[in-house]
Structure formats: C-alpha cells, structure tokens
Amino acid sequence: MARTVVIVDDHDGFRSQAAHMLRAAGYEVVGSCADGRSALVAISTLGPDVVLLDVQLPDTDGFRLITELDAGLGGPTIVLISSREAADYGTQVGRSGAAGFITKAELSAQSLAEVVGRQ
Amino acid sequence: MITGNGVAASGVTPHLADAGMPIDREQPAPGGRRSTVVAYGLGLICALLVAGGFLLGVYMPNLHNGLIAAAFTAVGVFVVLRRPGHREGRLFIATGMAHAVMFFGRQYGLYAGSHHGDTLPAVSWVTWMGVWPLALVLVLSGVTIMCFPDGRLPLPRWRPVVATMVAAGALLALGSALWPVEYARNSLSVPHPLQVGGYDTAGPLWPSLTKTVYPLFQIAWAACVVVRLRRARGDEAQQLKWFVYAVAMGAVAMVSSLVLLGSPALGVLVVPLVPVAAGVAIVKYRLYDIDLVINKTLVVGAMAGLITATYVALVVGAGGLLGFSASPNLMLSLVATAMVAVAFEPARRRVQRWADRLVYGHRPTPYEALARLSTQLSLDGQRADLLAGLASTFADGVGAAEATLWVGSEAELVAVASWPPHVGPDAPRTAAAGLASLEQGGRAHVRPIVHQGALRGAVTLTKEPGEALTGAEDRLLGDLVAQAGLVIDNVGLAAELQHRLNQISAQAVELRAAAKRIVAAQDDARRRIERDLHDGAQQRLVTLALSLQAVSERAASGGDEGLALKVDDARGQLTEALAELREMARGIHPAMLTEEGLDAALGFLAERSPLPVQLEVDLGRRLPQEVEATAYFIVSEALTNAAKHSGAPRVVVGARVDGGRLSIEVSDNGRGGADGRRGSGLQGLADRLATLNGRLTVDSPVEGGTRLRAEIPCG
Numbered sequence: 001m002a003r004t005v006v007i008v009d010d011h012d013g014f015r016s017q018a019a020h021m022l023r024a025a026g027y028e029v030v031g032s033c034a035d036g037r038s039a040l041v042a043i044s045t046l047g048p049d050v051v052l053l054d055v056q057l058p059d060t061d062g063f064r065l066i067t068e069l070d071a072g073l074g075g076p077t078i079v080l081i082s083s084r085e086a087a088d089y090g091t092q093v094g095r096s097g098a099a100g101f102i103t104k105a106e107l108s109a110q111s112l113a114e115v116v117g118r119q
Numbered sequence: 001m002i003t004g005n006g007v008a009a010s011g012v013t014p015h016l017a018d019a020g021m022p023i024d025r026e027q028p029a030p031g032g033r034r035s036t037v038v039a040y041g042l043g044l045i046c047a048l049l050v051a052g053g054f055l056l057g058v059y060m061p062n063l064h065n066g067l068i069a070a071a072f073t074a075v076g077v078f079v080v081l082r083r084p085g086h087r088e089g090r091l092f093i094a095t096g097m098a099h100a101v102m103f104f105g106r107q108y109g110l111y112a113g114s115h116h117g118d119t120l121p122a123v124s125w126v127t128w129m130g131v132w133p134l135a136l137v138l139v140l141s142g143v144t145i146m147c148f149p150d151g152r153l154p155l156p157r158w159r160p161v162v163a164t165m166v167a168a169g170a171l172l173a174l175g176s177a178l179w180p181v182e183y184a185r186n187s188l189s190v191p192h193p194l195q196v197g198g199y200d201t202a203g204p205l206w207p208s209l210t211k212t213v214y215p216l217f218q219i220a221w222a223a224c225v226v227v228r229l230r231r232a233r234g235d236e237a238q239q240l241k242w243f244v245y246a247v248a249m250g251a252v253a254m255v256s257s258l259v260l261l262g263s264p265a266l267g268v269l270v271v272p273l274v275p276v277a278a279g280v281a282i283v284k285y286r287l288y289d290i291d292l293v294i295n296k297t298l299v300v301g302a303m304a305g306l307i308t309a310t311y312v313a314l315v316v317g318a319g320g321l322l323g324f325s326a327s328p329n330l331m332l333s334l335v336a337t338a339m340v341a342v343a344f345e346p347a348r349r350r351v352q353r354w355a356d357r358l359v360y361g362h363r364p365t366p367y368e369a370l371a372r373l374s375t376q377l378s379l380d381g382q383r384a385d386l387l388a389g390l391a392s393t394f395a396d397g398v399g400a401a402e403a404t405l406w407v408g409s410e411a412e413l414v415a416v417a418s419w420p421p422h423v424g425p426d427a428p429r430t431a432a433a434g435l436a437s438l439e440q441g442g443r444a445h446v447r448p449i450v451h452q453g454a455l456r457g458a459v460t461l462t463k464e465p466g467e468a469l470t471g472a473e474d475r476l477l478g479d480l481v482a483q484a485g486l487v488i489d490n491v492g493l494a495a496e497l498q499h500r501l502n503q504i505s506a507q508a509v510e511l512r513a514a515a516k517r518i519v520a521a522q523d524d525a526r527r528r529i530e531r532d533l534h535d536g537a538q539q540r541l542v543t544l545a546l547s548l549q550a551v552s553e554r555a556a557s558g559g560d561e562g563l564a565l566k567v568d569d570a571r572g573q574l575t576e577a578l579a580e581l582r583e584m585a586r587g588i589h590p591a592m593l594t595e596e597g598l599d600a601a602l603g604f605l606a607e608r609s610p611l612p613v614q615l616e617v618d619l620g621r622r623l624p625q626e627v628e629a630t631a632y633f634i635v636s637e638a639l640t641n642a643a644k645h646s647g648a649p650r651v652v653v654g655a656r657v658d659g660g661r662l663s664i665e666v667s668d669n670g671r672g673g674a675d676g677r678r679g680s681g682l683q684g685l686a687d688r689l690a691t692l693n694g695r696l697t698v699d700s701p702v703e704g705g706t707r708l709r710a711e712i713p714c715g
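Chains as they are written, first to last, in our numbering: chain A, 1 to 119; chain B, 1 to 715.
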C-alpha cells in the first residue's frame, strides 16, 4: 500500500510540482495545504504517513506547527523543507522533532526516501 | 550737587552718564536771599570784632576765643550760603558771634590792663561783655555740637538736658554778670562795672561751682555725640565721623602740645580745625572719603607709635639694662633702626588689616573689592557664578542692601543676577524696557554698564534707608562698573560659545540618531531583500528545478535519454545557482541571526569558516537587533580577512557582555600587518559602530598576528 503524504507549502507551483513528483515516485498525496491552520486540520483528519512541511508559512512556521501537532508515537513522519539550508536555522531543526530536513532544491523521491527510510 | 565722576571715567556717553548719576539736590529754603544778607552781615561783624581784637594784641589766655569765633562764624556763613536756612549753619554763626563778642571784650580788657588803659572808653563794660556770657556761650557751643550735623537734637528726650544746661548757664552767667568771679582767672585787672554786694559769698563758691557745672556741660554734649554716632547710618554717620575725627585729632594735638611743649599753644591753634571739619561734614562730606582718612590716620599713627616704642625700648630700655650711658649709643641706634626697617612692612600690613577691620567692618575695602573682581574674572567659573559674584562684589563694595545686575541693550535689559540671591529655583528674570525704565522704577542708584561705546547692561543698587553713596563708594562703583562691561562682554562671548557648542552637540546627537536610523533602515532593507529572495526568486527557481526533474523523468521514461541528460544538466546548474543565491542572501542578512540570535550565528560563521575557529562566546541573552547584526558582520568580515590574508592556522573568536557593553574579539597568530583604516571592509563597519557609540580597534603588527576588538554599548 502506497504511503500517504500531505504537502504543506504556501507556494502553489511548488505544491503542484512536489505532488507530481511524489505521485510519480509511488506516494499517495492525500492533502495539500497552503498554511498552518489548514494543515493542522488536514493532518488530524487525514492521518498521513508523511508530512512534507515547509518551515516558512504565512501564519506560523514549521517548528511551531510540529509542537502543535504533538505527533508522538504513531504520528506522521514529518519532513521539513525550505529553500534555505538546515544550517540557516541553527539548532532548531535538530530540536524540532522532525524526521529530517531537505533543502527544496534537493528535494527528490530519493532524498525523501532516505529521510523517511531512517524513520 | 551731582556726584558720580566714576561713571564718566568708564567711557559712557554724556546722556548715559547723566542718567546714571545719582542726583542729590536741595531745594533753596524760603527767604534764602534774606538769610544770605544776614549771614554776610554777621560775618562782617564777626570779622570786625576779631580783627579789632587782634589789633589790640595777642593774648594767649584769650587766643582760643578769637580762633573759635573766626572759625565757627566763617564755617557757619559758608554753610548758610551753600544751604540757605541750614539750622546747624545758623548755630555755628551764633556760636562764632558769641565767641567774637567775648573775644573782643576780653582783648579790650587785657589791652587796658597791660597798657594802663583804664581811660579807654567804656572799658569796664566792654570787658564785662567779654566775661559774663561765658557760661551761656559754653551752653551754646555744647548745643551746637549736640545738634550736629542737621541742627536738630537727635531725640526729643535731649530737650530737658538742654533746658537744664541753659538754666544752669543762665544762673552762672548771672553770677558772673553781678560779680567779678571770672576776672582773675582770665588775667583781667579791669574793674567790674557793677559793684554789688555778695562777692564775698559768691567768690569762694565760684571755683567749685564751675568745676562741677562746666565738666557736666562737656559730658552732656559728648554723651549726645556718642549716642548719635551709635545710632547714625549712612550720610549722618559719615558726617559725624568727620567731626569726631577732628575732635580726636584736636585732643591728640592738645595732649601732645602739653606733653611735648609744656604749653597748650599748639592745641589751641588746632581747635579751629574742629568747626572746619564740621563744615566739610555738612557741605562736602561726599567729596572726601572720611573712612579713607581715618584708615590712613590709624595706620600712620599706629606705625609711628610702634616705631617710637621700638626705638625707645631698644635704645633706652635695653641700653639701660646693658649698662650703657644715658647718652645716645650709635650701635643701639643702628640695631633699633635695622629692627624697625625689617619689621616695618609686616607690621604695616597687620596694622592696615586692623585699620580696615575697624573702619570697613565686614565690608571689603575698595582695593579688596577690585581684587575680588579680578579674582572672579580669572576663575573659570560658570556664567551664572560669575554674574552672581559680580553682583555680590557691587553690593559688598559699596555696602548696598541689594544689588541687581542687568544685561542687555538700550531696548531691553534683563536681570541676570542679584545680591542677595533670590531664593528658589525660579528666581525672577525680570525684564526692563531699558535704562530709562530702571531709573523710573524708584531704584536708588542706577549705573549704566558701557563697553566699547555700547550699553551692555546696568547695575542697580539699593542702600539702607537714609544711606547715600559716599564719594569713595561712588568712585569705587565707577571703577567696578568700568570693569563690569568687560566681564559682561566676556560672559556674553562665553555664553555665545557655549550656545554654539550646545547647538553642535545637539546636531551631533541628531546626526548620530539619524545615522542610527539609517543603519536600522539598512538592516530592515537587508532583511526584506533576504526574505524576498527566499519567498520569491528562490521559490520559483526551486519549483522550476522540480519541473525540470519531472521533465527529465518523463524524457527518460519516454526513452529520450539525450533529453533527459540535458534536462538533468540544466537542473544541476539550477541547483548550483540556488546554492549561490542562498549564500548571497545569507550575506545580505543571515536568517539565523533573526531566528536564533548572535550566539548561534557566530557558531554558524565558525562552522563555515575555511579556518578552524575557536569560539569563546558568553552572551547570556539576546541583544538589540542592530547590535547583533553589527557584531555578526564584524566577525564575518574578520574571519574572511583572516582566511584570505593572515596565513594563520586558526582563529579565536570571543564575544561577551560585560557591564552593558558587548565586547567582540577576533584574533589570530598569522602574519599581521592588516590596516583596519583604509581599503578594508572594516572601515564601513567602524562607521556603523560609531552610530552605536561603539569602538573598533585593530592591532596587527607585522608578523605579530592580528587582534581586532570591537566594543558596542548594548543596554
């Protein structure tokens, strides 16, 4: 059974391209959100296996959203994405509880699989 | 009379000088012409009596009467002519006339006695006229002194004393008129014209009677003068000082004459000085400074006494002890002279101080006042201190109850200082429309302060009620006013300079604030650009990369490997471009600095530095944005420079907050020789630091490594 994914990013074009790429890689994109509030609803109702979560959102940021999700065990695998590098966020990425971080320019089925696979 | 020559000396215009001078005019009394004629007439009669008396010879027992007559009448006439109707002037004339009559009568009798002139016409009656009024003339003289200087008794309670004196004088005069009780004592041998009985009883009683009553007269007037002197203020005090000074000098002359010459002749000759001094006191006292006269007399007298005492003690006393003969000894004289010479100046200074204290009391002498002003000028005081000091010097120098210093121009004067100082934080800074308004304000003394021909200010003085400026005070005031112009000019320049400095300082503060705002605006712009890059171009390019990836995968799945490779190549270049763009955005403003603060940002710099970096960071808290940004860019620039130029194996970066200041230090042990001033990115950072009141120092001796230190106030 294909893994389900929710994409959270405020850029329509990116969401569309990412969804296309993930579907091509065998993922089932069950949701696509442009802000933190709708993401919380979608994640809690859809219960995806993986959340591709942009750090910079219009109403919140990815780190805070993870805190609000309170994923815990059995929750989705959260992968942070940003056009910046992980180093630009200092220690926040490490402390966030996300499964991993992928710079958007390097996002691919392979890089995602590596992160998710570590989980 | 107009006084105030000191003002004219200050270079004031005639108009101002007139305006600044105190005016002291007395209105002529009614009937002035008649008074003048009477005065001249009495003066002529007195002159005839005295001259006629002296034509008959000079008789020592009667000499004083002639001199007193001439002096009192002359002074009285002078006073009445200058101040028609002046009561004291009239009393002087009366006293002088009474003495003139007595003088002539006695001269007549003495002449007759010495020239066997019993046949002279009416010799017994004329002589009688020179004798019997003595008691009444003594009373008149006493009352004249008691009424000095205004012709009135100091208090009504002295009237019974005067009445008693008149009654006693009348009784004694009656006795003297009836019997020849005063004849023998005055060396008169002319027979008494009235041959009435009772002389055998009156004669023996007379000496004890007069020895009791006459001294009581003296005590009465002396007590009255002392009482008046103690109560006197201002002008009256100055006038009485003249009189007392003359009496004192007369007494000294009399005693000296009796002791040194064995004769009262010198003392008698000095007696006329008393009425002369009294006349000066009435009419001209403001022109001459009696305080100065007394002061100098005390100094000279005391020094003469000291020198004499020293000389006598050494030459006579020590000579006697050492067994020298009574004749003058040359050696002792030389020693005494040498001692006097050595001790003279120190002794004079002490005596001068003593005399100053005695005469001026707590007030400074004129010299001290000027010296004080000079000292105040030389001190680097604040403007307000200097002006207050000037007002105080004015007040103290002339003994004014209040002094106010005004600064301004003809159009407007502002009170800038006063003495005593107004209490409270909001001392009134009264403004006056100009000099004329000050003069109309009822102030006792107004002096314009003029410098280089222009009115710079004014001083207004108020003396105690009844006090006027003495001549010396007026001259001192003139001298002080002349100096005050320069003071106000200097203070004005200093104030102008201070004003300019304040302006420059305010401008500097504004400039610094503006520079700070510019830096803050630059930081904002940098943050915005970085965010725009992140949200805009980078996002589009990232999306493009994903699109290319999809195209590549579709080409590969379609069997077009060539296209897939080309698209992959394009995507690879795009990824590199994105990396460069991220680096550029980071250089514009590091997102981490905003997100995580300086501590993390320095760690990030250290991680990315080509040289190994040893971090020693202890901040403890987030710092203001502009401080963090400045510190970050300084470390970033220093690390870049170290990597490029130092050749050092590693760099140490320190950052700590201590006492409200952030200290940054980047040091290496490389080749040194860095110039932090020119051609370096550090110069821009130094400018940025300056806007935050920070400081940048670069120590980079050749082959001695580089040590860069920055200090930034951070609240």
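No lab work stands behind these hints, which were simulated from the structure alone.
Positions of the beta carbon are idealized from the N, C-alpha and C atoms, including for glycine.
Among the hints, erroneous ones may be present.
[Claimed, not checked] Calculated lysine to any residue pairs in the SDA-like style (CA-CA distance at most 20 Å, straight line):
| id | chain 1 | residue 1 | chain 2 | residue 2 |
| --- | --- | --- | --- | --- |
| 1 | B | Lys644 | B | Asp675 |
| 2 | B | Lys241 | B | Val280 |
| 3 | B | Lys566 | A | Thr60 |
| 4 | B | Lys644 | B | Arg608 |
| 5 | B | Lys566 | A | Glu106 |
| 6 | B | Lys241 | B | Val259 |
[Stated by the list, open to error] From the structure, some residues in chain B lie toward chain A, with a derived Cβ separation under 8 Å:
| id | residue |
| --- | --- |
| 7 | Arg500 |
| 8 | Gln538 |
| 9 | Gln539 |
| 10 | Leu546 |
| 11 | Gln549 |
| 12 | Ser552 |
| 13 | Glu553 |
| 14 | Asp569 |
| 15 | Gln573 |
| 16 | Met584 |
| 17 | Ala591 |
| 18 | Met592 |
| 19 | Thr594 |
| 20 | Glu596 |
| 21 | Phe604 |
| 22 | Glu607 |
query: Can you give the numbers of the hints that this structure goes against, from lowest to highest?
result: 3, 6, 7, 12, 14, 15, 16, 19
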